[in-house]
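The primary structure of each chain is shown beneath.
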Amino acid sequence: MTGPFLKPKRKNPLARTTQPLLPPQARSRKAHGLTLAASVGRFMLQCCGECGRYTYPSREACPNCLSSDLTFKNAPTGGSLLSETRIEVTSDPYFREHMPWRTGLVQLDCGPIAIVHLHGGCGGPGSRLKLSLQLDRAGQAVFFAKPVSETPHMEDDPQWREMTADPKHRRVLITDGRSPLALPLARALGKAGASKIFIGVTDRWKPFGQQASLEAIEGVEIVDLDPTSEHSVQELAMDIGVKVEILINTADHVRPAHLFDVGAAKIAREAIDHTVVGLMRLAQAFGPVMRSRGADGAAGAVAWVNVLSVHGLSNAPQFGVHSAAHAACLSLSQWLRTELRPGGIRVINAFTGPLDTEWFQTVPPPKVAPKAVADAVLDGLKRGLEDIYVGDVAKDIEARLYDNPKAVEREAGQ
Amino acid sequence: MSGDILGKFAGALASGAVRVVDLTHTLSPDFPVIVMPPELGQSAPFRMERISRYDGGGPAWYWNNLSFGEHTGTHFDAPIHWYTGRDLPLNSVDTLPPADMIAPACVIDCSAAAAEDADFLLTVADVVKWEEQHARIPARSWVFLRTDWSKKSGAAYANLQADGAHTPGPDAEVMRWLVAERGIIGFGTETIGTDAGQAGHFSPPYPAHHYLHGAGRYGLQCLTNLDQLPPTGAMVVAAPLKIQNGSGSPLRVLALVQERSTR
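These protein sequence lines are chains A and B, in that order. Residue numbering for the first sequence follows my numbering, starting at 52 and increasing by one per position. Residue numbering for the second sequence follows my numbering, starting at 1407 and increasing by one per position.
Honestly, the hints are just simulated from the structure, not real lab data. Only a predicted model underlies this, so the values are computations on that prediction, with no experimental measurement involved. The beta-carbon is built from N, C-alpha and C at its ideal position, and this holds for glycine as well. Keep in mind that a hint or two might mislead.
[As the list claims (entries may be wrong)] Derived DSSO-like pairs (lysine-lysine); straight-line CA-CA distance at most 30 angstroms:
1. K317/A to K294/A
2. K81/A to K181/A
3. K247/A to K60/A
4. K422/A to K181/A
5. K1414/B to K257/A
6. K257/A to K1535/B
7. K247/A to K58/A
8. K317/A to K1648/B
[To be verified] The following residues of chain B were derived to be distant from chain A, with all beta-carbon distances above 10 angstroms:
9. T1430
10. D1506
11. D1515
12. A1521
13. E1522
14. A1541
15. G1560
16. S1609
17. Q1634
[Unchecked claim] Computed beta-carbon distance windows for the label pairs:
18. D454/A to Q1448/B: 12 to 22 angstroms
19. Q70/A to K1557/B: 19 to 29 angstroms
20. P416/A to A1531/B: 32 to 42 angstroms
21. S264/A to Q1448/B: 19 to 29 angstroms
22. L87/A to P1444/B: 53 to 63 angstroms
Kindly generate the complete structure, drawing on both the sequences and the hints.
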């Protein structure tokens, strides 16, 4: 059974901060099919196109019929525990920090047997389990087994917390309080038990209608932050950088412009300054300190979330500048992911379709409600995802890009 | 003769008989700038990014790159800034006659009225009353509207409400009158613009811009320390950056004030 995860005590300032270590990272290229599945929260295994059998570990040919027609397909998530091992001592530097650690041998319903990380609520051998693929602190896919039905404080299992980025008792920075996403995000984070929610606001001399609603949420503190100003970003990092365990970048700048418009380049430069360069300034100021705090107690730094337009994956001419800026953000985000990985910090990209906000007023439905983005981000943090697609447009583009990216490009302007 | 004047001036500066008053706000990233509806073009705020500070980017030196709109911080408006002045000769900051950069100033103190009413408007009657107390406004002099608005900061300074900014300024008639009847060289304010916050609703809209620039005159805004100037007698040095075809620029505005005891 899992006990509740209580608010960690303040740390001893005389003690050295535990440095982040990562679990073993070696994987074959084929095995990254599991990484892909884990990053979006799917349970996929290689399945043979000839004989239809699932197989694990990942391989080049089907062990049953030797066919090379092995593709990753959704698989049933059930399994039965064959045996359980509670590891008390290990030579692995990462796991040494987390002893004891529960693992098990599981007979998957779809056929293969796998070694899995075992949730504390799972029963002994013979018990039924629900499997998932998770990204561990190294960003690599691993099997995780939970009890089939909900158990008390299920989310608080220490092994599960290592696989996720649960906001409970963590301090969060939302970078743009003027974004329509800020209020639903802050409410959801408050509900999820975040101990502090810093909300950055640009140009405090301009009216800020959401201020009272935001400040009504327990734990919210409004701070000055303008991602277009190096000075502003660095000053905030000096103040609270060491207190940010989850950073959610909601900064955006949507301004329609035609490619051939006079002044379109200026609009593009402004959009890039707010989004791409803004993300870079945030990364420079907050990245190093977050990376260094990846193992700083049970609620150390854990995740960086970027809310991106799904049109960053394939340009939408109506919002061409915005799409281009977000394509650059995506590239930068991949870079940031690599740089934060040594600290075990997860970089999550939440791709959304057009939001139901003023700048997408003329776009026909379906549009994404800001609360839907907030709920999806919270779900992604709690489940430890890496790529989230929010709303019908984003999900549709994801599926079509997987199928035929050229078709998405050709049909975009029509 | 001129050498004698400047020699005396140097002596007066050295002795403190002439005091130099800085009428300029510090250019900083958080100083409010004019806000347009978001679908229109916006003035870039002041930004400073470091090139090096005795570090890997330059081991022995400190320097920065700056970016800002022409109309940021304490700044100068040239005639070309407004459509009414677009076809005038010498209408941009680079062609501004240097002699126009030094001129006397009349300071009309409306601070009490502006404290009462954020939408206070200067009228011809106010200026006539001021002239009765002091002197007729000389041609080619600056008129500065003192409101003590510069003592506010942040949101109170910008005073943006749901229906736009509420800050004091001149009414339409007084601007026409000051330009046509008094021949002023320019008009200066402590607020974000030479016009009142609600001046878009005046006729003509933005009358200070309309009349000043249409007649080849200038604007100064975001001034400070106007409370340190006498009603008459201050000499103002306002030399904008020499930007090719520029419509204005941030600048250092200095006022030379003869101490009362030495007048």
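Right, here's what the structure says about each hint:
no. : hint                                  : in the structure
1   : K317/A to K294/A                      : 36 angstroms, violated
2   : K81/A to K181/A                       : 24 angstroms, holds
3   : K247/A to K60/A                       : 15 angstroms, holds
4   : K422/A to K181/A                      : 29 angstroms, holds
5   : K1414/B to K257/A                     : 48 angstroms, violated
6   : K257/A to K1535/B                     : 36 angstroms, violated
7   : K247/A to K58/A                       : 12 angstroms, holds
8   : K317/A to K1648/B                     : 23 angstroms, holds
9   : T1430                                 : 19 angstroms, holds
10  : D1506                                 : 31 angstroms, holds
11  : D1515                                 : 25 angstroms, holds
12  : A1521                                 : 19 angstroms, holds
13  : E1522                                 : 22 angstroms, holds
14  : A1541                                 : 38 angstroms, holds
15  : G1560                                 : 4 angstroms, violated
16  : S1609                                 : 27 angstroms, holds
17  : Q1634                                 : 25 angstroms, holds
18  : D454/A to Q1448/B: 12 to 22 angstroms : 41 angstroms, violated
19  : Q70/A to K1557/B: 19 to 29 angstroms  : 51 angstroms, violated
20  : P416/A to A1531/B: 32 to 42 angstroms : 57 angstroms, violated
21  : S264/A to Q1448/B: 19 to 29 angstroms : 26 angstroms, holds
22  : L87/A to P1444/B: 53 to 63 angstroms  : 39 angstroms, violated
This entry does not satisfy hints 1, 5, 6, 15, 18, 19, 20, 22, going by the numbered hints stated previously.
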